[in-house]
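Build the complex from these two chains, which are given one at a time in their own frames, with help from the hints.
Given next are the chains, with one letter for each unit.
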Amino acid sequence: MKRYLLFVSSFFVLLLTIAQNHLFIPHIGIQENAVATHAFINGVIHLDSKTTINDGVLLIKGDRISDVGESIPIPKNAIIHDLNQKHIYPSFIELVSELNVLKEERKKRTNQPQYKSSKEGPYHWNEAVRPEYNTANFIQFDHEKTVPYLEKGYGIVLSHQNNGIVRGTGTLLALTKDYKKVILIDKAANFFSFSKGKSNQIYPTSLMGSIALLRQYFIDSKWYEKNNVNFHPTANLSYEAQIANNHLPNMFMVESKLNLFRAQKISKEANLDFYYKGTGKEYENLEQIKALNPKLIIPVDFPKPMNLDNPYDAISVSTSELSHWKYASTNLGRLEKENLSYCITSSTLKSKDFFNAIRSSIKNEASVEKIIYSLTELPARWLGIDSICGNLKKGKLANFIITDSKIFSKNSNVIENWVLGSKQFEKPTEEIDIRGTYQLMCGAKQKKLTVSGPVNSPKAIISYPFLADSTVNGDLVFNNEGEKIKTKKEKKIKTTFLRNSNTVTLSYPEGDSYIRLNGLIEDGGNKWSGEGQNKNGDWLSWSVIKNKNLNRVSEDSNSTIDPIKSFNSNQHLDFCQEKYPSQENIIFKNATIWTSDELGTFKGDLWIKNGKIIAVGKNINTEGSDNLKIIDLDGKHISPGIIDEHSHIAIQNGVNEGSNAITSEVRIGDVINPEDINIYRQLSGGVTAAQLLHGSANPVGGQSAIIKMRWGQTAENMKILAAPGFIKFALGENVKQSNWGWRYSVRYPQTRMGVEQIYYDAFSDAKNYQNSINNYNSLSKKEKSIKTSPKRNLQLEALSEIIDEKRFITCHSYIQSEINMLMKMADSMGFQINTFTHILEGYKVADKMKKHGVGASTFSDWWAYKYEVRDAIPYNACILSKMGIVTAVNSDDAEMGRRLNQEASKAIKYGGCSENEALKLVTINPAKLLHIDQFTGSIKVGKDADIVIWTRSPLSIYSKVEQTYVDGRLLFDSEKQEDLFKENEAKRSNLITEMIAAKKNGVPTQRIKKQVNKLHKCNDFEIDE
Amino acid sequence: MNKKLLHTIVILMSLCLNGVSQVTPGEIQSKSILLVGGTAHLGNGSVIQKSVIGFKKGVINQVADLEKNKIDSLSYDTIINIEGREIYPGFIAMNSTLGLMEIGAVRATKDYRESGKFNPNARTLTSYNTDSRITPTVRSNGVLIGQISPRGGIISGTSSVMRFDAWNWEDAVIKADEGIHLNWPRSRVNQNLSQIEIKKSQKNIQKQKSLLEEFFLKAQAYSKTNNNIIDLKMEAMKSIFNGNKRLYIHADEVQQIKDIISFKNKFKLEKITLVGGQDIHYILELIAENKISVLINRVHSLPHYRQSQLDDSYKLAAKLFEAGILFCFENQGDMEQMQTRNLPFLAGTAVAYGLPYEEAIKALSYNCAQILGLEKYGVLESGKSATLFISNGDALEIMKNKVTHAFIDGREIDLSNDQIKNYEKYCEKYGLESKP
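Residue numbers (this note's numbering), protein chains in the order written: chain A, 1 to 1025; chain B, 1 to 436.
One thing to keep in mind: the hints can contain errors.
Claimed, not checked - Listed below are the simulated BS3-like cross-link pairs for lysine-lysine, each with C-alpha atoms no more than 25 Å apart in a straight line:
| # | chain 1 | residue 1 | chain 2 | residue 2 |
| --- | --- | --- | --- | --- |
| 1 | B | K203 | A | K976 |
| 2 | A | K999 | B | K199 |
| 3 | A | K824 | B | K400 |
| 4 | A | K447 | A | K488 |
| 5 | A | K1010 | B | K258 |
| 6 | B | K319 | A | K1009 |
| 7 | A | K281 | A | K268 |
| 8 | B | K400 | A | K882 |
| 9 | A | K982 | B | K319 |
| 10 | A | K636 | B | K400 |
| 11 | A | K1010 | B | K429 |
| 12 | B | K315 | A | K1009 |
| 13 | B | K400 | A | K603 |
| 14 | B | K207 | A | K1010 |
| 15 | A | K337 | A | K565 |
| 16 | B | K209 | A | K1010 |
| 17 | A | K851 | B | K429 |
| 18 | A | K960 | B | K258 |
| 19 | A | K304 | B | K400 |
| 20 | B | K207 | A | K960 |
| 21 | A | K494 | A | K546 |
Note that these hints are calculated values from the structure, not bench results.
Same shape as in the complex, but just chain B (with noise of 0.2 Å):
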């Protein structure tokens, strides 16, 4: 009876909801839940075979082995069974434009490239559209964080890290304005162009570079004191010398990322992030004494020359571990919007080609949290978010990856999306037994 007026409600909201947003973000979490005897792949590299995870109030209070120690389950509301599924921290996706897209070709929708080349005050921040259709699509495969980034220029601007679950984006927000992202200059000149047009394209290179260094020169000497008259870029800029923000440095070659290793010492950046790096294995060793942290582009992508080995982009996450390199996967690229629904088999297909599998789950989860600074998430321990979701089988393993309940900040949230109604809808109208 009660399920079945549940029932007729859904149908109700999901009929007057029809053509506006689509789910409904979960409500605080008031219960005290307890998942019993799952895997839990806790994200920081270890895994528990049969586990206990406690959670109250949005934060875990419990991780245990079920088999190790005695499991206080009184004083938890809800006590889930979740035996043979898996448990995972929730994923994050880096370097993302969800949210501020929604239909490639329609260009009404794009909102995450500024027209001019120096943007660091360009926020994603409030822009981010928390009601995209997207967003739905990807959280039920298990992303549920993600680093919504500008695009464009030479700085496009400014970073946030967001939850894919709230009613708007101040709800969404979990570190404001955490990062820069810096397009470097390309360094390698197209040598099939005419020898006027090489001179061209050598000059633009070099002024790119000296506005490059300009503009940081000036930015420092700007945050080294109080300033009467605010000047927006610059003020954008201020932390990335006192440390509080992360320089994105998105660029491919050799050469690049040499140049760009001897400007982070010049300014003495700290923290600074790879993005891309396509020639990086040629380098690892130069990388890993330098400390720099790699966000890898798409693991499925062709091999960059014709002559390059088959399998290059796919070994090249289990070659980053290897270099003892901090690194996560990153899916910029040909419809990423959607595509973050397909980031956990990025990680499956390195696993494939040599990354250690609970590697690969910190790559998804841990080393983002460390890169992106977020102390309370990435990882399933005493005292973090509760954000973590469980799945039928394997997450990186397409056919495996079922996820049943998902929880960001112990709010379990809605792992319905418009895919799966039309999918019943139509399912309904054949008379199809519709599995979602």
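Looking at chain A on its own, in the form it has when it is part of the complex (with noise of 0.2 Å):
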């Protein structure tokens, strides 16, 4: 189906390509009716990146190749071009850019959020989302902007209008300077992205929104697709748009190197495939790549070095940053090696960087064959164009370039580019570089001359050599006795110097007058030579001879260091092992355990094995068991791994999708980056898991994921996968948007009432949703075909999964009014609280709280930040742990995350809680409300092997965490973190040091790259504004 599709679609191109000449047009003045045949001979010809002919010729007629090959007799009406040897190669395709579209304006912010959208008409309700967007009627024919593309050796570019997350189509470009033939293919792709452009429209805020828009797009586009023409009364041009384009290749412009496995689920869900325009920093993930085999389209963008002289300037880089400087190039080869199939990128590079960027590409194992063929045939067979381009064969367009030597061989460049047949691009001889010494012949007097500055304006100056009477230093001269006589010295004439293509104009003062000089550059910029006139009016004759080539800088930052370089998994990384540790086998001896479990606390033995604790008491027996590592802890501490049950780490762009009222469509689980140094911190304060989650700007927030700290894993890995769904919801303030600032007055509530009825008003949808679901089901066959099906509500269906206790909520909650409120509301649909989450006024309600079986998470202390903490005490936990409520105290912030222990042990100060209990706040108890006790959160047999070992009692402020397993691994140890910090700095100061040494060997600098430290609270909320 879908070749078949192919072949439509290339047939439709040539049939379009052909016909375009026989569209009448009213000619002016005398036709030009001749079609003039081109004779390419000598030539290096390459037909594809595989196939060379030494001494070829290639003829073309008007747009075609009219044939290629060894011998082929050349027609006498041929034009010829005598290539002497120069190579010729089928032009490269470029797949992602805005070469000639016209930019469009972001619209005038209206005074208040905008929570519709502006496009008026039966369009999608999201502003970002345009699939009728066709980047064809908003061409710009401009032909100085292709020139950089031809420069390049570019002959087709697909453009986009880069806005939207669904973009529309793109449109694929001849660079022709005949603005009627300009485009191939109309519409030749669709766009997507994570990135919702100019829209106003407030949603989405965040990433996980974009993913969820997606996602819900195109369940709707296939619902529509699937029942609109039957049963639907009315057609939205969007969606009629994606239906009539499904056909076309999908481009994923991909922009954050993890939104690739972002994207590639959604493909996956969708049963959509993508070309994923990539980020060039593949390399680093590449395991995961790997597995997934996407079709990729890569730049070669590759950072050029900071100034990091300044050593305060360099401790702002990022250690990612400055590996990324030394590895990029790295990427291409990486990619070939493992086989993945990759088009290249270049729209943003100039062409000197690009052909540098390639150069050290393949100085880093990637092979010139792979990137012709990525440059070549492999995007012109992913646009469906395979038939008309992408190679050299007799009938296919003739796009082609002229290289000067071998491509991407040092100094290579294109010398010509012809597109359709016809010469788009020469590269003008002016830009022989001339600058380096000369010997000046004029007159009897041999000068030097010496030409220097920059390439397109040098500036000349002449010079001759005398003897000065002075001794004192210099370049001495001595007399035959040895004694000093003169020193040689150099005089120097100024010069007016001028170039003019290839005609050079010299005049120098000589006595009272000029000598004035004109010539020609010829040899390549060898020899110059021509006339001039003294001072007497004297006709003269002069000429140079070049001595030697300006030294010239390296450009090429790569070359000067080692030649091949190998990058390490999880280099780019602070802190983080190449190898993730495996899984010990370790009887901990002679330690105080703290079991938060039936066993309490007591000295003797803990033995892990395979991940799990095997057995814990007094003299374990471990007879006949091989490999076992025996420690002596010698008094120390060791605690189940700390659960966070609130935590907003390791969250990536955006931790509140804080548009709309409801989002329970949005996940925490879509957009967790496995590679924030927060988790890594984290279990250097003991905590093993946690509970990420969606912040509290609304009242239906979005799903949360539950994660181990498995420092140095995927994203997806790191999730703990028995563990059930869970949702945030939020009460108070911030769903009220009181301390967002007069702009935020319009969005429905604005009060508590209102946060209740929006609440029954959600689940009442959600109950239609789900009968109307049951009903369809219940139906027959026959019935069904005859029936509009329900279409998949994203939203709706995470509500339903709260109804049916499929998935547990816990909800940010301060003020007893409202936690009353949302237990009597959840009464009333038949389902059940899970978790209060900050519950700060828990201790007024406690005992309505037990009653309705919810369970609460508290800050340990925090108070007096909002008007409706006022009332919160440190009492809060103990109380509500006394009324036997499973109670847990959490974080909501990356730094206390890590001191978890401590604010455990304010249960004890605040209301004396018994150090077991306090200590249960945060290990058994975070994971019953998570519903993962059944295998981590205490020290029990058969459990994970998720423990911390610590200097002390875990509850005292004076106590250090010395070691965390997770799942049996050691994923933190203090001793060797001393180690780990030195080989970083070591790693880094190496990389900077490179980075100084490129710089000095003239490698243009790129500004200073200062990492940011964005950390999340539960009411950061972020609109790009």
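Following this line, the structure appears as structure tokens:
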């Protein structure tokens, strides 16, 4: 089916391009009917990435290649181009560009947030979703802008409007001056991204929002395709456009490296193939990419070195930035080695940078063959135009380039670029670099001519040596007796120098007059000669001969340093080992073991093996067990790994989808950032698991992710698979937007009254949704065929899961009235609230909470930051706990997360909880709240070996974490940390040194990229304004 | 009978005062008190395991070792046996905004930031709210005095030292207008900006620096004569130059600190203290050489850079101590008012990461008094103010910090607060035992 479509589309292209010539265009003056044939002879013709003809002929007629081969008769009427062993290649195809697209302006912002689309008419409800956008209608033809592409060797460019999540169709441009032939295919590909672009509509504010929007969009368009024609009375132009363009290739602009995996998940769910525009950092996560085998479009904009001579500047640059500078050029080689299919994009690069990037990639094990393939045949195939271009076979479009030497070899250049059979670009000759030193022969005296400065506007200076009487220092001249008599010096003469193409004009003073010379640059710049006039008006002839070229600085930053670089995995991260530690087989002896379980706290032994706790007790018998490590802890303490019920670390691009009041469709699980250093920092504080929560900007927030701190693993591997689904709800000031300023005063709800109604509304909706699905499912096959099938709705689906108690609520809450309200609402809908988080006034309704069966996860002592927390008390955890409510203490803060043991000890100070009870607040209790207590949260045989070794009681402020084990793997070791830190500093220092060396070698620099440490709290809410 | 009556009165009072001020300031010390047997952490770095501490009319008149000296207990009206408990000088919260803001999200309660760039004349003294609901929760953890400081602008204003138990700000003040707070212009430009923005930003930094210099030149000149026309800002600055007021300079980056040192030398400023100093560990020697004291910001803060050593902030205090720099703790930042009660625990973490225990106590008391120029506070010594507290256990250890008595100038203060009252109220409702 797909093949068929491809065939149809390419056939259509063929028709289109041929048909263009037969369109009626009224002509003015006398017609030019002759169609020239060009014959390129004596060339090295690269038919495609694999096949080369060494002494071949290429014949073109009109816009086609009429023949190509070794011994082909050359028609008499052909215009002959003797290539003199120059090279011909098929021209390149760019897949990602904005070339000649009329830029869209952002609309003026309204005073209050815009909740609805400003695009009127039957279109998608979200302004960032615009499949109906057709770039071809917005092409603003400007040949000048195509020149940089032609110079790089491109003949065809896929251009699209870089705006929106669903961006509509891109258009395929031929880089010809003939604007009637500019468009090869008007709709050539669909474009998608996660970035909402210039839409002012508030949804989505976060990456997870973009993901949810796209997922729902694909569901909707499939549903529309299936149902709308028959059952729906009105049309939606967005979905109509999507359906009409379904057959086109889909391009996904990934923009940030981990987004590749996120887009890939959508691709799988929507059953759509994407071509992903990558980031150039694919080598950093190669293992993961390998498993997915995606089709990639790889940029080659390698970073330039930064000015890091100032050590205080250098510390602000992240290790990953430093590392990427060094290893960016290994990317293509690594992809090739792993047999991944990629095309190359370079639309933002200048010709020089593009060629240098490819050259350094080749130096790092990318093959020229594969690179040419990825610039010609493969993109043609991906676009379904391989029947008309991509190589130099007979009948194909005459799109080719001529290079002076083998392409991508040192100093090779594109000297001509032909598109649709006509020359579009020729490398101007004045660009021959004439800088250097010359011997000037004019009259009797020989002089030195030095040409320097910028290549396009060089300056010249004439000088000659003379002997000065001084004998002080310098290049001394001695007489026969060895006495100093004179010094060799050089006299410099100010020279006027003009260059116009290959003509040069020189004038310089001699005596009281000027010598004026004019001549031609010959022999590739090695010789100039001409005539001139002296002071007497006599004509004379002159010439210069080049001695040497200017010492040109190496512009290839990577060439001076080790030629082949090997990137070890996780090298771009701080404190992350190359190999994930293996599961230990250890018995810890003589430890004070805090079990947070039936055994209480006692002195004894603990045995972990294969990721599990296999024995706890006194004098454990380990006879007959091999490879057992015995560690005598000599009175140190062991506790279960700490669990943070409420964390916002490791979340990428927005912790809140803070736009609409209900956003149950968004999922934190989609946007986990496994490279957040805070994961490692939590380990250093003994935290082994956490619930990563959506923020509290709306009554129904997003779905949470429950992870273990498996530092060095992928986002998916961090998730605790056995954990059930959770979702964040929120009440009070945040959802009322009370502290957001005057702009945010229109969204419903603005009061606690409204919050209640929003819930009733949402859950009634969800119940209707459930009913409609149930009703449909109970129909017979025949009945189904004549009825509209219910549309899958991600938002209502999540709410239905809550009603069915398959998804649990963690609700941000402060004031007793709203706590009570939510429990009553849930009662009336027939489900239970799982956890109230923060729950600072929980102590006021502890009896009601107990009755409802809800758990609590609170701050130890926070208060007074908002009006609604003025009655918060640090005794809360203790009261709730004593009332028999499962109670936890949480962080909501990356810093405090690593000191949750201290926070737990506040329950001893405030209210007199026992030490065991206090520790439970951050171990087994949060595990219970998260429904993961059956395998973690306490020290019990059979549970996961998530344990922490402390220097003292885990509740003491003087206690430090010595080791943290997750699944029996040693993921933090305070002793090793010293070494890791030193190694890391050395690694950084090496990179910085290399960067400085590269800079000193004259490599142009880029601005310093400071690391930004974004930390999230619940009420963090960013809108890109 | 007597007790019962008292209980009823207390309940009646709390009913009357519900919603108004919740704790009544302590009465002037009329009866002399002798504390016997406690472990006394004097605040100057020494400790007496079994101590005797007596005070009369608000002044300490005896500090002795029970095991070495014969104790005169007859001259005291009240003798309290505190064997097994700990005594500390009242802890001092430096660079605090307690009493200048009640609720973070409510603008109407904010009184620490004036508009404009140069506000040396803005005084925290008269805005200080003695009836803040937060203060009682702070002093019940041992923090009894605060340097109440302004925020914002280049020169934020003038701080005063206040005692945390008073009827009004006049009663509260220990040292009025003791220091001026200066936010040093940032030295490093955010390099993530565009080229034009970077230039603009650099220009702006230069402009701020020259504005600052101009302001100081003008103030220095003004301070040399008596002026007929009074300029409030210049008047406020006067005592910076004669050494009567301390200049607290808030800065974090190395370049800023270097600039501050040359600024100090240029204007011959004797009393300057650095506040914050995130990058200070790079230039400890320079700070020590120039005898600059430091208020270190939040021991509990995340390492500044991703590649920073994990415990950088925890270890900083120990490093300053080893370098011989006079330092204290401060807590500026998110929720800083309510977090004041956790000040002792910041010191606790510093101890875990290498600071000797008694030095930590010193940094919470004597060091602060030295910087603030308080002669009578911060140390348990004969002749000093009886501002101290007794804790059942180690005051730096969260689970052991249980303040049973606290005295400010000999006045025993009420250790209750709204939170305890709510706790007791609901314990009663649920029939739970309430251990305060």
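Here is what the structure says about each hint:
| no. | hint | result |
| --- | --- | --- |
| 1 | K203(B) / K976(A) | violated, 45 Å |
| 2 | K999(A) / K199(B) | holds, 22 Å |
| 3 | K824(A) / K400(B) | violated, 40 Å |
| 4 | K447(A) / K488(A) | holds, 15 Å |
| 5 | K1010(A) / K258(B) | holds, 22 Å |
| 6 | K319(B) / K1009(A) | violated, 30 Å |
| 7 | K281(A) / K268(A) | holds, 22 Å |
| 8 | K400(B) / K882(A) | holds, 20 Å |
| 9 | K982(A) / K319(B) | holds, 19 Å |
| 10 | K636(A) / K400(B) | holds, 20 Å |
| 11 | K1010(A) / K429(B) | violated, 55 Å |
| 12 | K315(B) / K1009(A) | violated, 28 Å |
| 13 | K400(B) / K603(A) | holds, 23 Å |
| 14 | K207(B) / K1010(A) | holds, 23 Å |
| 15 | K337(A) / K565(A) | holds, 14 Å |
| 16 | K209(B) / K1010(A) | holds, 23 Å |
| 17 | K851(A) / K429(B) | holds, 16 Å |
| 18 | K960(A) / K258(B) | violated, 35 Å |
| 19 | K304(A) / K400(B) | violated, 56 Å |
| 20 | K207(B) / K960(A) | violated, 46 Å |
| 21 | K494(A) / K546(A) | holds, 20 Å |
Consistency with the previously given hints fails for numbers 1, 3, 6, 11, 12, 18, 19 and 20, ordered from lowest to highest.
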